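Engineer: Sequence:
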Amino acid sequence: MRVARFAIADADPRYGIVDNDDEIVVLAGDPIFSGFQPTGERLPLADVRLLAPVIPRSKVVCVGLNYADHRADMSNIEAPENPLIFLKPNTAVIGPGEAIQIPPVEGRITHESELVVVVGRIAKQVKAADWRDYVFGFTIGNDVSARDQMFADGQWARAKGYDTFAPIGPWIETELDPSNLEIQSHVDGEPRRHGNTKDLIYDLPTLFEYISDVWTLLPGDIIMTGTPSGLGGFVAGQTVDITIEGIGTLSNPARNRDSA
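Numbering (this note's numbering), first residue to last: 1 to 260.
Worth flagging that the hints you see were computed from the coordinates, not collected in a lab. Treat each hint with caution, since some may be false.
Derived lysine to aspartate or glutamate pairs resembling DMTMM-like cross-links, with alpha carbons at most 25 Å apart [unchecked claim]:
| no. | residue 1 | residue 2 |
| --- | --- | --- |
| 1 | K59 | E175 |
| 2 | K198 | D130 |
| 3 | K59 | D133 |
| 4 | K59 | E41 |
| 5 | K198 | D69 |
| 6 | K59 | D19 |
| 7 | K127 | D199 |
| 8 | K198 | E173 |
| 9 | K124 | E41 |
| 10 | K59 | D213 |
| 11 | K198 | E81 |
| 12 | K127 | D241 |
| 13 | K124 | D203 |
| 14 | K59 | D130 |
| 15 | K124 | D213 |
| 16 | K59 | E81 |
| 17 | K198 | E182 |
| 18 | K127 | D177 |
| 19 | K59 | D203 |
| 20 | K124 | E209 |
| 21 | K124 | D241 |
| 22 | K198 | E209 |
| 23 | K59 | D241 |
| 24 | K59 | E173 |
| 25 | K124 | E182 |
| 26 | K59 | D12 |
| 27 | K59 | D148 |
| 28 | K59 | D163 |
| 29 | K127 | E98 |
| 30 | K127 | E173 |
| 31 | K124 | E81 |
| 32 | K124 | D30 |
| 33 | K198 | E245 |
| 34 | K198 | D213 |
| 35 | K198 | D163 |
| 36 | K127 | D12 |
| 37 | K198 | D133 |
| 38 | K59 | E209 |
| 39 | K198 | D241 |
Predicted model, so just to flag it, every value in this text is computed and none were measured.
Starting from the given sequences, assemble the full structure and let the hints guide the process.
Structural biologist: Set out below in structure tokens:
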């Protein structure tokens, strides 16, 4: 089931189920909190604007260096023995079609194509065997990074936390086996990153147990699980497309941030 958050013109966001690739079955409220309650209304998918399918209540959790080939690419960063986790603010989240705003900083801006776990209920010290009981579904994420700032600062909060640096979408897939999914990205149609979730160093049950031991996860929080290897750089005027098998494609243009 594909759950979307959408708007028509400037109206308030609504929720629905994408049906037959061309319609939205409108729901009475956010299904994470209200369950699946159809209103009886159907809308053409072409007539709505898809939004970020969830706005995390408290945090965006990210996992770094979680594919061996990407870890090799980042050999100048010493990988810890445990999962490398960090946070982005929820103000970094944008939806499909929204522009990644590139700040006026020196160096490269890169995309990272990632499977995203959407938390469905409060999770604290969850055992790996029980992780799916706390998951609402899965979507696509782009962990945008000001790569040279990562190295200059010695930590990642600024480089990865800018507004618009966490695109997610286009919807949440609730019925998916995430263990063997192809991930690929393109910039202006040129192939860039490519990998498969079966190659995660720390799989999703392991990550969920580890992260929920550190932070209490709230409904609507998301976990970006790491990026495969490949070229990630992009500039203003280009479009980043990330496709994950079984979910779809997240597409975002890039532009320079307004100076005002």
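Engineer: For a quick check of understanding: which of the numbered hints are violated here, in increasing order?
Structural biologist: Violated hints (numbers, rising): 4, 6, 9, 12, 21, 25, 29, 35, 36; every other hint is consistent with the structure.
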